[in-house]
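Student: Sequence:
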Amino acid sequence: MSKLNKDILFLIFEELRDNPKFLFSCLMVNRVWCETMIPILWRNPWHYSINYYNKNSLYYILTSYLSNDIKEFFTKKKFNIPGQSLAFDYLSFCRSINIEIIDVIISIGSLEYNRFLLQEEIYSFLMKKCPEIKYLNICGTYDILHFPEAKFRLESLCELTCHTLINPKYFYRLAHICQQIQRIIIINKNLKANPGTTRLIEFQKNLKYFEWVDEFEVENDMYYWEMLEDPYTEIFNALKKHVNTLNHFQFDNSLDNYHDDGDYTFLQDALLGLHNIKILKISSPLLSNNDDFNKKLEMMAYRNLEFIEIDFIYIYQVNYIIKNSLFLRELRINHFCVEKDSFIDDSLNFIRTIYENCFLIEYLTIPMFPLLENYFIEFEILLKKCQNLRSLYFKEKYEKGKDLEYGDYLSNVLIKEASTNLRKIGIPHGIRFSLETLEAFFEKWKGRQAISIHLFEYYIYQTDSYMKLVDKYKIEGVIKDINI
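In the numbering used here, each number is its position in the sequence shown, counted from 1, plus 1176.
No false leads were mixed into what you were given.
Mimicking SDA-like on lysine to any residue, the simulated pairs with C-alpha atoms at most 20 Å apart in a straight line are:
no., residue 1, residue 2
1, 1231, 1264
2, 1417, 1441
3, 1310, 1359
4, 1454, 1361
5, 1310, 1323
6, 1253, 1243
7, 1573, 1552
8, 1561, 1498
9, 1381, 1352
10, 1600, 1627
11, 1381, 1334
12, 1650, 1602
13, 1571, 1531
14, 1650, 1612
15, 1416, 1378
16, 1310, 1224
17, 1416, 1455
18, 1561, 1600
19, 1499, 1555
Estimated spans, in silico, between C-beta atoms of each pair:
no., residue 1, residue 2, range
20, 1472, 1616, 43 to 53 Å
21, 1341, 1548, 50 to 60 Å
22, 1232, 1305, 15 to 25 Å
23, 1605, 1225, 27 to 37 Å
24, 1419, 1262, 42 to 52 Å
25, 1381, 1472, 24 to 34 Å
The set of hints was computed from the structure by calculation and includes no laboratory data.
Every residue, glycine too, gets a C-beta built ideally from N, C-alpha and C.
Generate the whole structure from the sequences, applying the supplied hints.
Tutor: Below you can see the structure in the form of structure tokens.
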């Protein structure tokens, strides 16, 4: 493989561009690999999961671009400025500016009181050297829009990460320069609306990806919802303009998952408009179950949905969302909520909806159903029809008792009906496997792909007899791993 030509190597490395550990290791193979890899690594060098505080090499690369006069000036000011030449013109490949990360790198060799001088020089030549900026993170402290080159470098911007404490005027200026942004990630630190972010959203012409993350900073140990002035409604209304192009919607208010006094009408309204969505991720308190919202949700048709991840939602609301989602691959629900009077019908409808409409499903979370014959029939149909199923996670058991009976049933039905693609199983609290049942299951699983099992009743399985059984079948290749 080390003798492949550059074109083939480039195509391979492009496919693996989100695997930094592999990419960094390729630099050491030979010169051809290194020359092929450098343009890929330096297209967006600030987004890798590494500790940038320790990256002296990146500081040396950036400061190497300073002119000799500027280097001499900074050396006199007690800055640590290296003098070595570079093997590559790294910044000619760069299409990204991450102010937050670059400020961290600049801090490696400068003192806080005179750091602005070095910032000014480095951002100046970044704007000159980078042919165009495709990725921009403005969560730092420096304003790059005052450079004359900003208009030309940023007009083809594809991805923007920002926070809501930035002055609205900055967003107004950015909105007039950048109108082809496809991905916007907003870190919300503001307890009230920022009109600049709304204007930026309104000006976009091809928005495909929207992500909102709440990270409130509140002093004096106050609860943020006591001070909240609705930072949401205005910007989520602006998203309605983009429902035809938007295919990824993500909302993360995980700080608030167990507080349900907030008004999340804006989120429900947004959900009712996202008819073209492919990826839906919501981490927030439970959606409303009022009749008006549920009727509108039932009328929606999410025909392009491929991935769903939601923290809290009623079972029947999941049914409404997925009933037309023929291309759904992953359904990840952390907590299914139930109406006691309708649990039987809702959970049965859920199983039917999956096998009738979502038979391409690969990752499925499912509420654990009662040990009743009608459920057995429906669940076996699901296992037979959903042949692509690789991961199956059972959630909350709503029927008390019968812990071992549940274990016996699941071990038997999975051996009998599950697809040979199945390789991960999650078992919730309240379901137990006797030692004999577990051994019989592993024996019959032989010949399939090694299985990974997540057992939430961890304390039961930490006895010597269970651990010896697990070790035996790990050695035989039946078990990949068990999380207990």
